[in-house]
Amino acid sequence: MIRTTQLAYGYQGQAAIRFPDLDLAQAGVLLLQGPSGSGKSTWLALAAGLLRAGGGSMLVAGQDLGLLQGSALDAWRARAIGFLPQKLHLSSALTVQGNLELAQWAAGAAADGEAVRRTLHALGLADLAQRRPDQLSGGQAQRVALARAVLLNPRVILADEPTASLDDTAAGAALQLLGATAHRLQATLVIATHDARVAQALPAAQLCRIGVQSIEPAGVGG
Amino acid sequence: MNVLSLALRYLVARPLAAGLNLLLLSLGLGSITFLLLVSTQIDRAFERDLAGIDVVVGAKGSPMQLILAGVFHIDVPTGNIPLEAVQQLAENPQVAQLIPISLGDTFRGFRIVGTTPAYATHYAATLASGALWSQPMQAVAGAQAAATTGLAVGASFIGSHGLGGTGHAHGDHPYQVTGVLARCGCVLDRLILTATESVWQVHEKSTALDAEDQKIMEAEREVTLALIRYKSPLAAVTFPRLVNTTTEMQAAAPAVEITRLLRMVGVGTEVLRGFAAVLLLTAGLSVFIALWNAVRERRADLAMLRMLGAAPAKVAGLVLCEALLLAVIATALGLAAGHLLTELVGSWLQSERSLPLTGWIWLSAEWWVLALGAGVALLAALFPAVGAYRLDVTTLLNSR
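Chains as they are written, first to last, in numbering that gives the first Met the number 0: chain F, 0 to 221; chain Z, 0 to 399.
Don't read these hints as lab results, they were simulated from the structure.
Some hints could be false.
Okay, derived cross-link-like pairs now, SDA-like style, lysine to any residue, Cα gap no bigger than 25 Å in a straight line [what the hints assert, rightly or not]:
1. F/Lys86 with Z/Thr394
2. Z/Lys313 with F/Trp75
3. Z/Lys313 with F/Gln68
4. F/Lys86 with Z/Arg298
5. F/Lys86 with Z/Asp300
6. Z/Lys313 with F/Gln96
7. Z/Lys313 with F/Thr94
8. Z/Lys313 with F/Met0
9. Z/Lys313 with F/Leu50
10. Z/Lys214 with Z/Glu247
11. F/Lys86 with Z/Val11
12. Z/Lys313 with F/Ala110
13. Z/Lys313 with F/Ser70
14. Z/Lys313 with F/Arg78
15. F/Lys86 with Z/Leu280
16. F/Lys86 with Z/Asp391
17. F/Lys86 with F/Trp75
18. Z/Lys313 with F/Ala108
19. Z/Lys313 with F/Gln62
20. Z/Lys313 with F/Ala71
21. Z/Lys313 with F/Ser91
22. Z/Lys230 with Z/Val255
23. Z/Lys313 with F/Gly107
24. F/Lys86 with Z/Thr393
25. Z/Lys59 with Z/Pro92
Here are a few chain Z residues that sit away from chain F, every Cβ distance over 12 Å (derived from the structure) [said to hold, decoys possible]:
26. Ile328
27. Ala331
28. Leu340
In this text, all values refer to a predicted model and were calculated from it rather than measured experimentally.
Built from N, CA and C at the ideal position, the CB exists for glycine as well.
Looking at chain Z on its own, in the form it has when it is part of the complex (with noise of 0.2 Å):
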């Protein structure tokens, strides 16, 4: 017999009560965990696909619709602009490159994105089979879109037209997939890539009612967004104000909106968190109840514990060891429990094609959750201890 299984004993023999505590410990410390790795997660994709991305130029309208149409992938462009423009833009002696970004057609949910070969290499993106396109109607899927639709070199798909995938198939203009990317962890993971071209080949085509309107539609072609980055920092105080004011088209710098978003997305982080330690509070006094009431139920057998020659920090000890074990396993619980959710969360997240969240990641952040957990319990248990070291063994001689 050691402290150990004695304290398990303890807690085995009072189900109900240290199922409770269990419980409420689990919720809390789940909680918990599920907002570190969801926000966590959140950040860091975040992060990683703005990453040498100073600003997006698009078409007027809402400045996050355009960074979350933009770089992210999770919202519907404000419109589209002029090749002309885009074109001048990238001739500005402060831009030191412009990557176009011609959104409209989807896959099966996976985004057909125009663009050129630079946007592969912004992301340092590598392939896993085949090779980048060399000319229109020439896709490259990323690593999940592949996985999902079972894309591979030498396969053709059709795009339907719009962003929702409920849009009409484009039977016409097959693409053909010369390459597949490696998983880069990045946005271009649930993207399909190709050649600017291609997108436009695909419209014009099939709403041209003519040689000669084809001809026009060739003359005012457009890309949705162009994703630059600068020469010097200093062009972020004069560049964005120049596309505002002197073009249709306005600047987003996207670590202003993201900010700004998570800002906003952070005011309902705060009240979880909130929640998540009132839950927490609740857990802490359910402990400190259920082991002040053990300690007062089990006064004459803590005292028989002590007559027996067991040291009066020896008796604390145990009634300590108990929380500390209820603790142990509520925070491996809680840890199952925040890591199922946000897994489950992250497979409809996929299902919806948006932002990667995974359950089965362990970040360093998370030894806290464990420090919290014993931390509370503890501190429920400091109390009952205190009460069993100053026990007062005559009663024992007292008890009838």
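Looking at chain F on its own, in the form it has when it is part of the complex (with noise of 0.2 Å):
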């Protein structure tokens, strides 16, 4: 779940940012709206508590984000947040598996090589555990980041532009995968985009237009 209260975030000499107040049941989704600039890219990074808010509360998979710091933030994040971002950054130094392992090694997991066979086998990449993402195409390069998003079973799972660079055949493809691993995983999904077939591919979804101060179910808010 995440629940957020008269949330507000300011950078250095610039207005702050608004957002909307919104209250998104556990493995509900979210559709986070606005044009460029308009703050979608802080409210996720607010969200996993990257960045400290500037006024509000902000609550995400039952803890109140203000009540974190450090190293506990670190570790919060570890176990809660699923981050698939828009350009994957799948470490090149490594292979399929390996950047799976990174993401146990880096939330200070134990290395649990059943779970990363679990999770590739889950999103149909057990036959590319070996490769390189060099060696990947897209579609595929973007279903391991998904994997290594979903490896320790997070509560929610904050998207960035899943389909920005995607014909509508793959959008369509990674959409339905990345609405269904969240089901499987009963895991929140957020997905900020301003692209108008993520809406209407994910018709049930919440939709929080950022910019606007708006929230509205997706049929109505197109």
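Please assemble the complex out of the two chains, which come individually in their own frames, going by the hints.
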């Protein structure tokens, strides 16, 4: 679940961005929409505990982020958040399997080869485990990044423009997989996007328009 | 996966940069190891061979040459001195012990030294087999001389005239080996010892024209030099002056000459050490640039690590670990190269019957080479690591 109340964040020398209040149930789907520069990335950074709110409160996966700091925040993020960045940042020095093991190492979790195998299998990547990122297609690489994001069974999955560079077919497949994976894990899914195809593919998602102060069901807002 | 295997994979992923840094670091550390091994062993050899010899008396000439020839046996002597004069010195009340040394012949490059059993006793040499000589034309081989030439108790050999080993053979005067010395790690290892009388006998018989001539030669017998130990350190003030002013001989203090020699050689050593330091500095800069670039290139990857839950210290630790791993591998390679080079130089010196030098030793000072390697690498990694520590993770969200 995610609940925000009067959430605001101000970059130095700029007017504070005020975010609409929202209340999203666990396993719900939220689309963050808004033009470039409206604050979608800032909202994701706040939800991941990478930035501290300048005002208001933010509850993510049952945790009031205002109460955490330092290594406690890092540890919480490792367990609670799965992040799918737009640019995937798979380490080219490591294989697909290595990139997933890297996530376990970064989170301070014990090495769990079985969990890596299970996750790769669930996302149809079992045959690609020993490939390097530069040996993958764009769609395969994105699935690997998603596998990395969900390896530790996060409560919340944050996806930043997951369809930005994909054609209609690939975008549909990516969103289908993202939704199915979140559903399987019963994780809350937040997608920051300005791609209209996303809202169409996920009609049940809650919409949060940043920069226009409104929250509405996807079917209504369009 | 652990930090070490991860650092290793990052290094392997950039083979050219990692290889270049390894090469530079290894060269610097190898040079330092080589200098350390050589200078320590030469110092030790000098110290060991000089122990208990207060002054060397020989023919006038270069005092350093006299020491190098008489104590270390790595130079030709300045000439000979009359036996009678040496016997007078032995009776001087300031002299506790006088060991005569007669040089002139070699056997396969190993010097045949005419002396008294006191010479072997002076270095506390023990016999590996056989016994010391009891009469002229009997010889005892040092450990290295015996091992190289195959001399053993009961064997006989013929010395060749001159210290260069190219002179004519004294064919009529074979030596009989009565003993082989155990390895002492001192100059005796590469010598063949015999009675002083043997040297006289060989040369008088081979050069005397007739019986009359031989009698004249016997009356004018000489030795090459004398190693002297004082009764009291006070003698160092008066004894050399006595020899230098009242006789045709010269007295040279080994300690003074070796200090002079090491000071001269020391300039070369300092230059080499400076060169090694420049190499290390270059290596440090190279590691710095490589890591700095790696952190810049991997900024987003490192930010991703933070996103995945790694604390800033963990990310910085990864960068430091990469440098440290490089240092450990480079130190191992550098130490191996330094020892190998020392062993090669040692083998060459051994074939020249010169100072003993080996790569098969470990000096406690070599731990400092490891510390130096790690220090240079960590210093070079410090700024990149701080950069990784302070990484702004939100850049991850802005990279498109």
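Against the structure, the hints come out as follows:
1. Distance restraint check for F/Lys86 and Z/Thr394: the Cα-Cα separation of roughly 11 Å lies within the 25 Å cut-off, and the hinted pair is therefore satisfied.
2. Only pairs whose Cα atoms come within 25 Å are accepted, and Z/Lys313 paired with F/Trp75 is accepted, the gap being roughly 16 Å.
3. Annotation: proposed proximity of Z/Lys313 to F/Gln68 holds, straight-line Cα distance about 16 Å (limit 25 Å).
4. Of the pairs offered as hints, the one joining F/Lys86 and Z/Arg298 holds, with about 13 Å between alpha carbons and a cut-off of 25 Å not exceeded.
5. About 10 Å separates the Cα atoms of F/Lys86 and Z/Asp300, which keeps this hinted pair within 25 Å; it holds.
6. A threshold of 25 Å between alpha carbons decides the hint, and for Z/Lys313 with F/Gln96 the separation of about 21 Å falls inside it, so the pair holds.
7. The straight-line distance between the Cα atoms of Z/Lys313 and F/Thr94 is roughly 21 Å, inside the 25 Å bound, and the hint therefore holds.
8. Straight-line distance between C-alpha atoms of Z/Lys313 and F/Met0 comes to about 29 Å, which puts the hinted pair past the 25 Å bound.
9. Taken as a hint, the Z/Lys313 and F/Leu50 pair is honoured in the structure, with Cα atoms around 19 Å apart against an allowance of 25 Å.
10. Between Z/Lys214 and Z/Glu247, the direct Cα distance comes to roughly 24 Å. Compliance with the 25 Å bound is thereby established for this hinted pair.
11. Taken as a hint, the F/Lys86 and Z/Val11 pair is honoured in the structure, with Cα atoms around 24 Å apart against an allowance of 25 Å.
12. A distance of roughly 16 Å separates the Cα atoms of Z/Lys313 and F/Ala110; the hinted pair therefore holds under the 25 Å criterion.
13. Restraint check for Z/Lys313 and F/Ser70: the C-alpha separation of about 10 Å stays at or below 25 Å, so the hint holds.
14. A threshold of 25 Å between alpha carbons decides the hint, and for Z/Lys313 with F/Arg78 the separation of about 17 Å falls inside it, so the pair holds.
15. Only pairs whose Cα atoms come within 25 Å are accepted, and F/Lys86 paired with Z/Leu280 is rejected, the gap being roughly 38 Å.
16. This hinted pair checks out: F/Lys86 and Z/Asp391 have alpha carbons roughly 16 Å apart, not beyond 25 Å.
17. Pair hint F/Lys86 plus F/Trp75 holds up; C-alpha atoms about 23 Å apart against a cutoff of 25 Å.
18. Our distance criterion of 25 Å between C-alpha atoms is met by Z/Lys313 and F/Ala108, whose separation comes to about 13 Å.
19. For the given pair, Z/Lys313 sits about 24 Å from F/Gln62 by alpha-carbon distance, which is consistent with the 25 Å threshold.
20. The hinted pair formed by Z/Lys313 and F/Ala71 meets the criterion: a straight-line CA distance of about 14 Å does not exceed 25 Å.
21. A C-alpha spacing of about 20 Å is found between Z/Lys313 and F/Ser91, which places the hinted pair at or below 25 Å, so the restraint holds.
22. Among the hinted pairs, Z/Lys230 with Z/Val255 is consistent with the structure: their alpha-carbon atoms are about 19 Å apart, no more than 25 Å.
23. Restraint check: the Cα-Cα separation between Z/Lys313 and F/Gly107 comes to about 10 Å, which is no more than 25 Å; the hinted pair holds.
24. For a cut-off of 25 Å, the pair hint linking F/Lys86 to Z/Thr393 stands: about 13 Å separates their Cα positions.
25. Among the hinted pairs, Z/Lys59 with Z/Pro92 is consistent with the structure: their alpha-carbon atoms are about 23 Å apart, no more than 25 Å.
26. For Z/Ile328, the shortest C-beta to C-beta distance to chain F comes to about 17 Å, beyond the 12 Å cut-off, and the non-interface label holds.
27. The claim that Z/Ala331 lies off the interface holds: its Cβ sits roughly 23 Å from the closest Cβ of chain F, which is beyond the 12 Å cut-off.
28. Residue placement check: Z/Leu340 keeps its beta carbon more than 12 Å from all beta carbons of chain F (closest about 34 Å).
Comparing the model with each numbered hint stated earlier shows that hints 8 and 15 do not hold.
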